[in-house]
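If you want the building blocks of each chain, they are given just below.
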Amino acid sequence: MALPGYGGMWEETARGSSASRPIVMTSIPQQRVVSQPGSYAQLDDEALILLFQRGDEHAYRFLVERHKERIRNLLFSMFHDPAVVDDMAQEVFIKAYQALPRFRFESSFYTWLYRIAVNKSRDELRRRKVRRFLTFQPLDEGMEKNLHDKMAHRPESHDAKELIGMGLQLLPEKFRTAIVLKDLEGLSYEEMAVVMRCEIGTVKSRLSRGRTMLRKALEPLLKEGAQ
Amino acid sequence: MSTLSPRKRSELLSQYADGMIADKDRTIVEELLASDPSAKQELSELLRLKSLLGGARRLEPDIGFWTRLSMRLDDERQEAQNLLPFPKRYIPHVATTVTLVVAVFGFVAISNRMPIMAFFSKQSQAVKEAVEQGVLQGSVLPLFANVDKDQALQFSLFGELPLDDSTQTTLRVDESTDSGYRIEVGKQTRRQVRPVTFDRFVDEVRPTVDQRRVIDSLLALAQERIAGSVLVGSDDAFAVDPELPHLNRIIVTGIASCLEPPQRRRFERLLAVNEAPYAVSMEVKAPAVEPSQVFSKLRRHRPDQFMVITPDTAVVARVRLDLDSLRRLMEFDIQRMESRRRVLFERIEAGEFRWSSRPPTTLTADSMAFFPEGDFIRVEVGRSAEELPAEFRVMVTPRTRERSSGGSVHIQVFAPNPPAPRVREVPPILPGRDSTR
Numbered sequence: 001m002a003l004p005g006y007g008g009m010w011e012e013t014a015r016g017s018s019a020s021r022p023i024v025m026t027s028i029p030q031q032r033v034v035s036q037p038g039s040y041a042q043l044d045d046e047a048l049i050l051l052f053q054r055g056d057e058h059a060y061r062f063l064v065e066r067h068k069e070r071i072r073n074l075l076f077s078m079f080h081d082p083a084v085v086d087d088m089a090q091e092v093f094i095k096a097y098q099a100l101p102r103f104r105f106e107s108s109f110y111t112w113l114y115r116i117a118v119n120k121s122r123d124e125l126r127r128r129k130v131r132r133f134l135t136f137q138p139l140d141e142g143m144e145k146n147l148h149d150k151m152a153h154r155p156e157s158h159d160a161k162e163l164i165g166m167g168l169q170l171l172p173e174k175f176r177t178a179i180v181l182k183d184l185e186g187l188s189y190e191e192m193a194v195v196m197r198c199e200i201g202t203v204k205s206r207l208s209r210g211r212t213m214l215r216k217a218l219e220p221l222l223k224e225g226a227q
Numbered sequence: 001m002s003t004l005s006p007r008k009r010s011e012l013l014s015q016y017a018d019g020m021i022a023d024k025d026r027t028i029v030e031e032l033l034a035s036d037p038s039a040k041q042e043l044s045e046l047l048r049l050k051s052l053l054g055g056a057r058r059l060e061p062d063i064g065f066w067t068r069l070s071m072r073l074d075d076e077r078q079e080a081q082n083l084l085p086f087p088k089r090y091i092p093h094v095a096t097t098v099t100l101v102v103a104v105f106g107f108v109a110i111s112n113r114m115p116i117m118a119f120f121s122k123q124s125q126a127v128k129e130a131v132e133q134g135v136l137q138g139s140v141l142p143l144f145a146n147v148d149k150d151q152a153l154q155f156s157l158f159g160e161l162p163l164d165d166s167t168q169t170t171l172r173v174d175e176s177t178d179s180g181y182r183i184e185v186g187k188q189t190r191r192q193v194r195p196v197t198f199d200r201f202v203d204e205v206r207p208t209v210d211q212r213r214v215i216d217s218l219l220a221l222a223q224e225r226i227a228g229s230v231l232v233g234s235d236d237a238f239a240v241d242p243e244l245p246h247l248n249r250i251i252v253t254g255i256a257s258c259l260e261p262p263q264r265r266r267f268e269r270l271l272a273v274n275e276a277p278y279a280v281s282m283e284v285k286a287p288a289v290e291p292s293q294v295f296s297k298l299r300r301h302r303p304d305q306f307m308v309i310t311p312d313t314a315v316v317a318r319v320r321l322d323l324d325s326l327r328r329l330m331e332f333d334i335q336r337m338e339s340r341r342r343v344l345f346e347r348i349e350a351g352e353f354r355w356s357s358r359p360p361t362t363l364t365a366d367s368m369a370f371f372p373e374g375d376f377i378r379v380e381v382g383r384s385a386e387e388l389p390a391e392f393r394v395m396v397t398p399r400t401r402e403r404s405s406g407g408s409v410h411i412q413v414f415a416p417n418p419p420a421p422r423v424r425e426v427p428p429i430l431p432g433r434d435s436t437r
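Read top to bottom, the protein sequences are chains A and B.
With this note's numbering applied, the first sequence covers 1 to 227.
With this note's numbering applied, the second sequence covers 1 to 437.
If you're looking for bench data, these hints aren't it; they were derived computationally from the structure.
Ideal Cβ placement from N, Cα and C applies to all residues, glycine included.
One thing to keep in mind: the hints can contain errors.
[What the hints assert, rightly or not] Each computed BS3-like pair below joins lysine-lysine, with the alpha-carbon atoms no more than 30 Å apart:
hint, chain 1, residue 1, chain 2, residue 2
1, B, K40, A, K120
2, A, K95, B, K40
3, B, K24, A, K216
4, B, K88, A, K174
5, A, K223, B, K40
6, B, K8, A, K216
7, A, K129, A, K68
8, A, K68, B, K88
9, B, K50, A, K129
10, B, K40, A, K68
11, B, K88, A, K129
12, B, K88, A, K216
[Stated by the list, open to error] Below, a sample of chain B positions facing chain A; criterion: calculated Cβ distance under 10 Å:
hint, residue
13, L4
14, R7
15, S44
16, D216
17, A220
18, L221
19, P262
Please work from the sequences and hints to get the whole structure.
Encoded structure:
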């Protein structure tokens, strides 16, 4: 039985009843039982991507719904600015939409998506740096002074989440990315290496250096908490 | 333990805090923590930092994200179908930029129109000269170099001139078409008429001695003009003066205007009886015109614009021809020139020229068209030959043919008062002549 909207790509297995029989994607070499008929939400990322690559654009919506919050929060952690998150997240998913037909399943979808988001962030940060340079604006001096003032006078009275966000903004992009991917998004070193396109040793080094710099920036807050 | 650099120590502590440290490094870190309070403090801060980062602010879920994204995706899809070399959203910017550029260029062009026009004029002149220099290369040979007085008179009155006594190829001008006139070089197809020699002309018109002198001079000018009007280049280019029929009018007008009225009537009778293609209309009692007026008009026209037809092209081009030098050369080396002309005639008779294989070509800007004929070529000019000034008081026109009269030719002679035309019938044109028109 071909499912509506699936273009005959799916077919029944010999198992199960007609009402609840699982569906097998026969065109994939490694046969996987993926879903009840018509339920996109229960399909995993790879199945949705295959559907998309075979012309079912509806599948992309479920990929977006599944990963949009991770991408939005990643971008928020990178920029600490809700105003830019929405626009950049949309750009990330538009880029993914354009590149998804060429996705080769060499990494997980969310890792691939993170890589797009990190690249976008890097481009945006470079763009801001150039803009600041051209307009003779100081590089993050305001943010640094603000954080320093808050650290100097009773840091415990301030919102720790806010201070953490400000501290992250003072880090260079590659250190900031490493900390965000590890400590906020919970990626493994291996996944981080894929996203950041570098060796695992480099990931460890950047993470350590970024943490050292962040510890220094937030020292009063951390000492107070450690005691 | 003491060999650990601060950087390496921090890296190991960082990995230890993540719980992702290799076993051999774990031992090192644990020994370090046991022996070094500062390491313990650093680890404590690292764990505190990780804890704070883990609890960092997160955004509220955005339930309208897909709606907005799908709209942008629709835009992207439409943009993918955009054939413009830039995104559609830039159309207003591009339009504004193009308008500004056009306005600026327009302003600059208007401000500097004279130098610009001079530049393009110079360019077009250069192109024209290049074409002209290319289409008629090498030495040229007048097709009619040795036209005698009888031949000049024959051509002037009847518009026909054979290349040579021994050939059938003839130069013809024909103004009988409604839309202009023709110049043809081809095999003779008309009925052979008794040639009107100068002696016969004198016998019938009976000009005075002074009038004969004027007519002699006119015919001498006609000889020169005919010689310079039809040329053949060494590269087989054929050039013809498209204003050649003007010569016939000038000569016929010149002859008629220097005659007294009775002589003019005899002249017109001579033309009519011999089926000349031109008719002379005149004021009955108009006195003879000063010969100088005729000569000045005839001398003023020196052909420089030629219709040039080569095996490859057909163009109207300016040909600078020094006829005097050419004539001197011919007189100096008459033997060789005559021999060249003889070869040329033989080639024309044998149909060796490739002009006839060229497709018909129309030069719209010059109202001219070239048609290959079976044996030679025909040039049609889509405008009337230039009218002569009114002071001649003698009008030479193509002899009109009325269809209703079965091919008769009518000559209209206008009397000053009353102005109604008097119509005189002349013998009909023979079929052989009709077929050439």
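Status of the hints after comparison with the structure:
Distance check on the hinted pair: B/K40 and A/K120 sit about 38 Å apart at the alpha-carbon level, beyond 30 Å; violated. Between A/K95 and B/K40 the CA atoms are separated by roughly 45 Å; this puts the pair beyond 30 Å, and the hint is violated. Taking the CA atoms of B/K24 and A/K216, the gap is near 28 Å; set against the 30 Å cutoff, the hint holds. Restraint check for B/K88 and A/K174: the C-alpha separation of about 36 Å exceeds 30 Å, so the hint is violated.
A hinted pair counts as satisfied when its Cα atoms are at most 30 Å apart, and A/K223 with B/K40 qualifies at roughly 12 Å. Restraint check: the Cα-Cα separation between B/K8 and A/K216 comes to about 17 Å, which is no more than 30 Å; the hinted pair holds. For a cut-off of 30 Å, the pair hint linking A/K129 to A/K68 stands: about 27 Å separates their Cα positions. The straight-line distance between the Cα atoms of A/K68 and B/K88 is roughly 28 Å, inside the 30 Å bound, and the hint therefore holds.
A threshold of 30 Å between alpha carbons decides the hint, and for B/K50 with A/K129 the separation of about 28 Å falls inside it, so the pair holds. Taking the CA atoms of B/K40 and A/K68, the gap is about 39 Å. The hint is violated against a cut of 30 Å. Using a Cα cut-off of 30 Å, the hinted pair B/K88 and A/K129 holds, with the two alpha carbons roughly 29 Å apart. A hinted pair counts as satisfied when its Cα atoms are at most 30 Å apart, and B/K88 with A/K216 does not qualify at roughly 49 Å.
Of the supplied interface hints, the one on B/L4 is violated, with its beta-carbon coming no nearer than about 13 Å to a beta-carbon of chain A, more than 10 Å. The closest approach between the C-beta of B/R7 and any C-beta of chain A is roughly 8 Å, which is under the 10 Å cut-off, so the hint is satisfied. Restraint check, B/S44 versus chain A: the minimum CB separation of about 4 Å is within 10 Å; hint holds. The criterion of a C-beta within 10 Å of any C-beta in chain A is not met by B/D216, whose closest approach is roughly 92 Å, and the hint is violated.
Look at B/A220: its Cβ only gets to about 87 Å from chain A, farther than 10 Å, so that hint breaks. Of the supplied interface hints, the one on B/L221 is violated, with its beta-carbon coming no nearer than about 82 Å to a beta-carbon of chain A, more than 10 Å. The closest approach between the C-beta of B/P262 and any C-beta of chain A is roughly 101 Å, which is over the 10 Å cut-off, so the hint fails.
Hint compliance for this structure: hints 1, 2, 4, 10, 12, 13, 16, 17, 18, 19 are broken, all remaining hints hold.
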